[in-house]
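Chain order of the listed sequences is A and B.
Under our numbering, the residue at position 15 of the first sequence is numbered 864, and the numbers go up by one with no gaps.
Under our numbering, the residue at position 195 of the second sequence is numbered 194, and the numbers go up by one with no gaps.
Since the hints were derived computationally from the structure, they do not count as laboratory data.
Each residue gets a CB set at the ideal place from its N, CA and C atoms; glycine is no exception.
Mixed in with the good hints, there may be bad ones.
Stated by the list, open to error - According to the in silico footprint, chain A covers these stretches of chain B (three or more CB under 8 Å from chain A):
{"no.": "1", "region": "85–97"}
{"no.": "2", "region": "164–176"}
{"no.": "3", "region": "291–304"}
As the list claims (entries may be wrong) - Pairwise CB distance ranges, derived in the manner of DEER restraints:
{"no.": "4", "chain 1": "B", "residue 1": "Asp228", "chain 2": "A", "residue 2": "Thr888", "range": "44 to 50 Å"}
{"no.": "5", "chain 1": "B", "residue 1": "Gln87", "chain 2": "A", "residue 2": "Gly889", "range": "47 to 53 Å"}
{"no.": "6", "chain 1": "B", "residue 1": "Met106", "chain 2": "A", "residue 2": "Ala924", "range": "18 to 24 Å"}
{"no.": "7", "chain 1": "B", "residue 1": "Ser8", "chain 2": "A", "residue 2": "Gly889", "range": "42 to 48 Å"}
{"no.": "8", "chain 1": "A", "residue 1": "Glu866", "chain 2": "B", "residue 2": "Met0", "range": "22 to 28 Å"}
{"no.": "9", "chain 1": "B", "residue 1": "Thr300", "chain 2": "A", "residue 2": "Asn886", "range": "33 to 39 Å"}
{"no.": "10", "chain 1": "A", "residue 1": "Asn886", "chain 2": "B", "residue 2": "Asp306", "range": "49 to 55 Å"}
{"no.": "11", "chain 1": "A", "residue 1": "Arg860", "chain 2": "B", "residue 2": "Arg154", "range": "44 to 50 Å"}
{"no.": "12", "chain 1": "A", "residue 1": "Met850", "chain 2": "B", "residue 2": "Ser225", "range": "32 to 38 Å"}
{"no.": "13", "chain 1": "A", "residue 1": "Asp925", "chain 2": "B", "residue 2": "Arg277", "range": "27 to 33 Å"}
{"no.": "14", "chain 1": "A", "residue 1": "Gly889", "chain 2": "B", "residue 2": "Gly57", "range": "38 to 44 Å"}
{"no.": "15", "chain 1": "B", "residue 1": "Gly209", "chain 2": "A", "residue 2": "Gly889", "range": "17 to 23 Å"}
{"no.": "16", "chain 1": "A", "residue 1": "Met850", "chain 2": "B", "residue 2": "Glu298", "range": "50 to 56 Å"}
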Amino acid sequence: MAEVRIPTILRTYTGGERVVPATGATVAEVIDELETNHTGIKERILENDEVRRFVNIYVNDEDIRFTGGLATSVADASTVVILPAVAGGAA
Amino acid sequence: MRFDSLVDSVGQTPLVGLPTLSPSPDVRLWAKLEDQNPTGSIKDRAALAMIEQAEATGRLRPGDTILEPTSGNTGISLAMVARQRGYQLVCVMPENTSVERRQLLGMWGAEIIDSPAAGGSNEAVRVAKAVAAEHPDWVMLYQYGNPANADAHYRGTGPEVLADLPEVTHFVAGLGTTGTLMGVGRFFREHKPQVRIVAAEPRYGELVYGLRNLEEGFVPELYDESLIDARFSVGPRDAVRRVRELIDSEGIFAGISTGAIVHAALAQAAKCVEAGERADICFIVCDGGWKYLSTGAYEGTLDEAEDALEGQLWA
Chain A
850 MAEVRIPTIL
860 RTYTGGERVV
870 PATGATVAEV
880 IDELETNHTG
890 IKERILENDE
900 VRRFVNIYVN
910 DEDIRFTGGL
920 ATSVADASTV
930 VILPAVAGGA
940 A
Chain B
0 MRFDSLVDSV
10 GQTPLVGLPT
20 LSPSPDVRLW
30 AKLEDQNPTG
40 SIKDRAALAM
50 IEQAEATGRL
60 RPGDTILEPT
70 SGNTGISLAM
80 VARQRGYQLV
90 CVMPENTSVE
100 RRQLLGMWGA
110 EIIDSPAAGG
120 SNEAVRVAKA
130 VAAEHPDWVM
140 LYQYGNPANA
150 DAHYRGTGPE
160 VLADLPEVTH
170 FVAGLGTTGT
180 LMGVGRFFRE
190 HKPQVRIVAA
200 EPRYGELVYG
210 LRNLEEGFVP
220 ELYDESLIDA
230 RFSVGPRDAV
240 RRVRELIDSE
250 GIFAGISTGA
260 IVHAALAQAA
270 KCVEAGERAD
280 ICFIVCDGGW
290 KYLSTGAYEG
300 TLDEAEDALE
310 GQLWA
């Protein structure tokens with residue numbers, strides 16, 4: 850079971866919950882389980898089976914775009930964070 | 000070392016070993032002290048490069064007004080250069096940035112336009128673009144999309160690291176405008192492609208991500224994913240913990256964003272130890288802690304510091 854942190858903008862799908870549980874061996878499976886429990890959320894995160902341009906997904910703080918994308922494995926007790934891409938850093 | 004003027008002294012910063020923080024003699028950490036630039040941050044490199052490039056192309060002429068969205072540090076660097084070269088500077092800055100950065104901008108003669116706290120730097124970029132449309136005679140250098148920003152690191156930071164540490168295996172820096180990582184990343188892809196490029200990205204409180212819709216998200220125009228090999232998201236608690244560890248173990252007093260970078264560097268170091276690989280990991284100390292003393296990050300417990308940073312643009 851992984852813990853998935855939902856950004857403010859997508860909490861309309863989770864009844865306002867900030868953190869929801871989901872099982873799955875990969876990020877893709879975790880997102881499918883999210884969709885099962887919170888219909889409509891998947892298409893806000895993915896487009897044509899890829900992570901949307903302005904969405905970032907992290908498994909245990911690592912951006913999945915550099916760890917195998919949606920095939921990135923999700924170990925038990927992992928934390929999956931979904932966040933909108935924003936301008937950051939000490940710019 | 001002698002220089003003709005202050006701006007001539009930008010760059011050529013020291014690289015120091017970290018014997019206590021390094022996990023083993025085979026996995027070593029090195030800090031590049033960018034806080035030793037003239038205004039105390041790595042942003043001096045980009046600011047100087049962007050201004051000189053704009054002067055060279057005739058886009059910037061004597062007496063012009065420069066406009067820039069900034070969380071403060073690039074603004075301070077631009078203000079220092081602008082002051083000496085006779086330009087006015089207007090900075091668009093999120094209102095949830097530390098008071099020290101505002102005071103410093105004032106000292107160097109810059110004018111500040113506030114952008115709303117909610118939305119953080121995204122909002123500063125949006126407001127600056129609107130102000131630019133109202134003032135077509137102002138010159139927006141636009142650090143998020145100006146190739147001169149990355150070029151400063153391609154020509155300066157990257158070659159300096161390779162000269163001082165030919166055995167370098169990893170380079171770790173913060174991801175904001177992406178200029179440092181894009182410039183150094185491109186340099187190493189061309190000159191020592193086995194060097195892994197690691198990004199540390201600050202993870203802020205919810206206020207900063209509270210967009211009305213996902214299409215308002217922002218990826219800097221400079222960003223090229225192919226120049227990076229790993230990207231860590233680091234929250235304020237880990238950043239503050241590492242800032243304190245850096246002072247305790249090595250005596251280096253750094254800003255909070257550097258704490259996030261140290262966290263990513265140590266995560267990378269732990270992976271190398273586990274894999275039994277030799278590594279020389281160079282990371283950037285972006286600036287000193289002076290400008291962030293008022294944020295609450297440098298006193299009290301970690302819980303108190305984390306609470307104090309909620310809602311602030313701490314990096």
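Taking 33 to 39 Å as the stated bounds, is the beta-carbon spacing between Thr300/B and Asn886/A within them? The hinted range 33 to 39 Å holds for Thr300/B and Asn886/A, with Cβ atoms some 37 Å apart.
| task | Go ahead and decide if the range 38 to 44 Å is satisfied by the Cβ distance of Gly889/A to Gly57/B. | result | 52 Å, violated
Test coverage of the region 85–97 of chain B by chain A using CB-CB distances below 8 Å; three residues minimum. violated (count 0)
Check: Is the gap between the beta carbons of Asn886/A and Asp306/B within 49 to 55 Å?
Finding: Cβ of Asn886/A to Cβ of Asp306/B: about 32 Å, so the range 49 to 55 Å is violated.
**Message:** Assuming the hint says 44 to 50 Å, is it satisfied by the Cβ distance from Arg860/A to Arg154/B or not?
**Reply:** Given about 45 Å between the Cβ atoms, the range holds.
*Please test the hint of 42 to 48 Å on the beta carbon pair from Ser8/B and Gly889/A.*
Violated, since Ser8/B and Gly889/A (Cβ atoms, about 56 Å apart) do not stay within the stated range.
Item to check | Hint check for Glu298/B and Met850/A - Cβ pair distance inside 50 to 56 Å | outcome: Since Met850/A and Glu298/B have Cβ atoms about 38 Å apart, the given range 50 to 56 Å is violated.
- Honestly, do Asp228/B and Thr888/A meet the 44 to 50 Å range at C-beta? Since Asp228/B and Thr888/A have Cβ atoms about 36 Å apart, the given range 44 to 50 Å is violated.
Open item on the list: Is 47 to 53 Å respected by the C-beta to C-beta distance linking Gln87/B and Gly889/A?
Closed with: Holds, since Gln87/B and Gly889/A (Cβ atoms, about 49 Å apart) stay within the stated range.
Measuring from beta carbon to beta carbon, are Met106/B and Ala924/A in 18 to 24 Å? With a Cβ separation near 51 Å, Met106/B and Ala924/A fall outside 18 to 24 Å, so the hint is violated.
Worksheet entry | Consistency of beta-carbon spacing, Met0/B to Glu866/A, with hint 22 to 28 Å | The hint (22 to 28 Å, Cβ to Cβ) is violated, given that Glu866/A and Met0/B are roughly 57 Å apart.
Tell me if the beta carbons of Met850/A and Ser225/B are separated by a distance inside 32 to 38 Å.
34 Å, holds
This entry does not satisfy hints 1, 3, 4, 6, 7, 8, 10, 14, 16, going by the numbered hints stated previously.
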